[in-house]
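Participant: Sequence:
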Amino acid sequence: MFNRSLSLGCSCLSVLHSRDLGGNSVLKLSFTDRPKAQKILERLSWRCRRSTEFLYSPVETSAVGSQLKATRERLDARLTPHLRYPCYYALHAVFQQGNDAVAQMVLLKASVFEAFVQNLIEFARNNEGALEQTLFSIRAAIEDRHIINLHSAVPELFEKFRVTYAPPRVPPGSCLVRRVFVTPSRVFFLPPNVHCENRVLRQFDAEYALRVSFRDDHLQQLSHTLMFHPKKDEMMEEIVAKFLRDGLKVGKRVFKFLASSCSQLRDHGVWLYATDSQGNSADSIRHWMGDFSTIPNVAKKMARMGQCFSSTEESVKVPLEGGDMEDVVDIVGGRHPISGKEFIFSDGVGMISPSLLQKVCKKLGMGTVPSAIQIRYAGYKGMLCVNPRLEGDKLMMRGSMRKFECSTSNSLEAIKFSAPRAVYLNRPLITILEQLGVPSRVFVSLQQAMVLMFADALVCESTALHVLSTFVQVALPLRRLQQGGFCLTNDTFVRSLLHTVYKSAMDGLRTRTRIAVPPNKGRN
Numbered sequence: 009m010f011n012r013s014l015s016l017g018c019s020c021l022s023v024l025h026s027r028d029l030g031g032n033s034v035l036k037l038s039f040t041d042r043p044k045a046q047k048i049l050e051r052l053s054w055r056c057r058r059s060t061e062f063l064y065s066p067v068e069t070s071a072v073g074s075q076l077k078a079t080r081e082r083l084d085a086r087l088t089p090h091l092r093y094p095c096y097y098a099l100h101a102v103f104q105q106g107n108d109a110v111a112q113m114v115l116l117k118a119s120v121f122e123a124f125v126q127n128l129i130e131f132a133r134n135n136e137g138a139l140e141q142t143l144f145s146i147r148a149a150i151e152d153r154h155i156i157n158l159h160s161a162v163p164e165l166f167e168k169f170r171v172t173y174a175p176p177r178v179p180p181g182s183c184l185v186r187r188v189f190v191t192p193s194r195v196f197f198l199p200p201n202v203h204c205e206n207r208v209l210r211q212f213d214a215e216y217a218l219r220v221s222f223r224d225d226h227l228q229q230l231s232h233t234l235m236f237h238p239k240k241d242e243m244m245e246e247i248v249a250k251f252l253r254d255g256l257k258v259g260k261r262v263f264k265f266l267a268s269s270c271s272q273l274r275d276h277g278v279w280l281y282a283t284d285s286q287g288n289s290a291d292s293i294r295h296w297m298g299d300f301s302t303i304p305n306v307a308k309k310m311a312r313m314g315q316c317f318s319s320t321e322e323s324v325k326v327p328l329e330g331g332d333m334e335d336v337v338d339i340v341g342g343r344h345p346i347s348g349k350e351f352i353f354s355d356g357v358g359m360i361s362p363s364l365l366q367k368v369c370k371k372l373g374m375g376t377v378p379s380a381i382q383i384r385y386a387g388y389k390g391m392l393c394v395n396p397r398l399e400g401d402k403l404m405m406r407g408s409m410r411k412f413e414c415s416t417s418n419s420l421e422a423i424k425f426s427a428p429r430a431v432y433l434n435r436p437l438i439t440i441l442e443q444l445g446v447p448s449r450v451f452v453s454l455q456q457a458m459v460l461m462f463a464d465a466l467v468c469e470s471t472a473l474h475v476l477s478t479f480v481q482v483a484l485p486l487r488r489l490q491q492g493g494f495c496l497t498n499d500t501f502v503r504s505l506l507h508t509v510y511k512s513a514m515d516g517l518r519t520r521t522r523i524a525v526p527p528n529k530g531r532n
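In our numbering, each residue's number is its place in the sequence shown (first place is 1) plus 8.
What the hints contain is simulated information worked out from the structure, not anything from laboratory work. Please note that the accuracy of each hint is not assured.
When the alpha-carbon atoms are kept at most 25 Å apart in a straight line, the in silico BS3-like pairs for lysine-lysine are as follows [as the list claims (entries may be wrong)]:
1. Lys402 with Lys309
2. Lys424 with Lys367
3. Lys424 with Lys529
4. Lys47 with Lys36
5. Lys250 with Lys240
6. Lys308 with Lys402
7. Lys77 with Lys264
8. Lys389 with Lys308
9. Lys309 with Lys371
10. Lys411 with Lys370
11. Lys77 with Lys47
12. Lys260 with Lys309
13. Lys250 with Lys308
14. Lys250 with Lys239
15. Lys264 with Lys308
16. Lys239 with Lys325
17. Lys239 with Lys260
18. Lys250 with Lys264
19. Lys367 with Lys325
20. Lys511 with Lys529
21. Lys349 with Lys371
22. Lys370 with Lys77
23. Lys325 with Lys424
24. Lys389 with Lys424
25. Lys349 with Lys367
26. Lys308 with Lys371
27. Lys309 with Lys389
28. Lys349 with Lys370
29. Lys309 with Lys349
30. Lys424 with Lys370
31. Lys309 with Lys77
The structure displayed is predicted, hence computed values, not measured ones.
Construct the complete structure from the given sequences, taking the supplied hints into account.
Facilitator: See below:
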């Protein structure tokens with residue numbers, strides 16, 4: 009049995025907090041009884057379930073723990089005025105990866121420390137991008153448990169990246185966003201990653217945004233042991249609530265809680281934003297997003313705010329006033345036998361004219377015009393279906409699509425279009441179809457065809473290409489590789505993909521009666 013704690017020891021002697029322990033790669037254990045020490049180490053090795061090599065040799069140690077904070081403050085004072093935020097963030101990521109890098113700074117002679125600081129300032133002045141890449145390369149090496157001599161590694165790597173550095177290419181409709189992992193014992197700062205744009209990132213500067221995820225110390229989601237901890241509230245206050253309330257300081261910027269998308273809430277993540285050069289802050293952005301004051305439920309309010317963070321593509325602008333957009337009533341009828349509420353048959357489904365949809369597709373570079381589109385528009389969300397009877401550029405929104413008041417955005421934002429995709433039958437849908445008169449042999453036939461298709465994919469080239477292109481979303485030119493003589497079923501990587509797809513399909517079929525529908529007979 010064990011019990012989670014954020015500190016070790018007692019207040020009467022000494023207390024070691026998890027934040028102090030997590031930043032170290034080495035733990036020193038002191039024993040007064042040598043025979044007992046050997047037994048303790050043997051038990052520790054056995055509990056770790058890994059082979060542990062014991063080496064006995066004199067080790068010189070230096071007590072630097074009390075100087076770490078002061079050294080960080082010295083570095084901040086010297087470098088903050090000279091380094092722009094991207095380089096400072098990368099340097100901060102190195103020092104937050106562990107205390108070893110800061111400890112090296114403590115042990116440096118004053119002249120060597122000053123030379124290191126001057127090198128950073130000079131490198132930033134010459135090539136900021138190369139210095140940023142240098143520092144993130146060092147951070148990755150520390151993460152991989154390599155021993156890095158920081159003051160000598162920086163000049164060497166900078167000379168390398170100064171020659172090879174090229175600015176990162178960002179695809180259209182995307183931007184670079186920095187990400188942070190917060191754990192009970194550490195905070196990890198990751199390099200900028202490509203992220204799909206959303207309504208907020210298109211309007212405000214992504215350079216001042218942070219994506220933060222709360223994780224356990226093994227970087228998985230916070231474990232269930234925390235949920236059933238006797239002091240769960242205190243643990244959540246220390247790990248999550250305090251962080252959200254106080255924000256995160258990186259250099260001169262203080263990042264404050266902004267909101268969360270629906271997918272982030274499932275992933276235990278949030279968006280943070282620091283006051284930018286235009287004076288926009290987390291509070292002012294939430295005000296710009298819309299009026300959520302009429303939503304009393306906290307969970308529903310968070311979900312409505314999350315609409316603004318859905319990954320979308322901006323298409324044409326449709327004025328909220330002027331006649332192009334019109335609110336129409338929902339189609340209702342009957343009543344629920346228990347709640348007594350009317351059934352809404354048009355729930356979340358509006359209409360769009362063919363002319364306006366063609367303009368949307370042209371703006372997004374689509375060759376074909378679909379029949380339905382999933383959208384976000386001002387405070388509305390849902391689906392739009394083509395109504396051929398609508399003339400001109402018309403947008404008809406149902407009352408059930410309106411989730412909150414918003415007057416600051418009039419762009420029609422697209423999420424997904426109707427198209428032939430891999431769709432599946434499941435147990436409830438099969439039951440409904442059987443009750444409507446569809447014979448069982450139809451489902452048995454589909455099931456047999458599905459099993460044979462996935463089995464044939466392991467030996468047949470054409471079937472393997474069909475399965476991978478239909479059921480796996482990989483950005484690989486598989487068709488061109490096959491046309492060039494590449495054998496898909498013999499390649500180790502592709503074969504592992506096929507095995508994974510087969511196991512997943514059979515597991516879904518066995519546990520959920522998940523039967524694949526041929527792509528030419530199903531749309532989504």
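Participant: Need the status of pair Lys309, Lys77: alpha-carbon distance at most 25 Å?
Facilitator: violated (40 Å)
Participant: Given the proposed pairing of Lys511 with Lys529, does the C-alpha separation stay at or below 25 Å?
Facilitator: holds (24 Å)
Participant: Straight-line Cα separation of Lys308 and Lys371 no greater than 25 Å?
Facilitator: violated (33 Å)
Participant: For the pair supplied as a hint, Lys424 and Lys529, is the alpha-carbon distance within the 25 Å limit?
Facilitator: holds (19 Å)
Participant: Would you check the hint for Lys402 and Lys309, treating anything up to 25 Å between C-alpha atoms as holding?
Facilitator: This hinted pair is violated, its Cα atoms lying about 30 Å apart.
Participant: Taking only the CA atoms, is the gap from Lys264 to Lys308 under or equal to 25 Å?
Facilitator: With Cα atoms ~21 Å apart, Lys264 and Lys308 stay inside 25 Å; holds.
Participant: Within 25 Å, alpha carbon to alpha carbon, are Lys250 and Lys239?
Facilitator: Roughly 15 Å between the alpha carbons, so the hint for Lys250 and Lys239 holds.
Participant: Verify the proposed pairing of Lys250 with Lys240, using a straight-line Cα cut of 25 Å.
Facilitator: holds (14 Å)
Participant: With a cut-off of 25 Å on the C-alpha distance, tell me whether Lys389 and Lys424 pass.
Facilitator: Holds, at roughly 12 Å.
Participant: Within a Cα-Cα threshold of 25 Å, do Lys349 and Lys367 meet the stated pairing?
Facilitator: Answer violated: Lys349 to Lys367 is near 38 Å, above 25 Å.
Participant: Does the alpha-carbon distance linking Lys250 and Lys264 stay inside the 25 Å limit?
Facilitator: holds (12 Å)
Participant: Hey, Lys47 versus Lys36, does the alpha-carbon distance stay inside 25 Å?
Facilitator: At roughly 17 Å apart (the allowed maximum being 25 Å), Lys36 and Lys47 satisfy the hint.
In this structure, the hints that do not hold are numbers 1, 6, 9, 10, 11, 12, 16, 17, 21, 22, 25, 26, 28, 31, in rising order.
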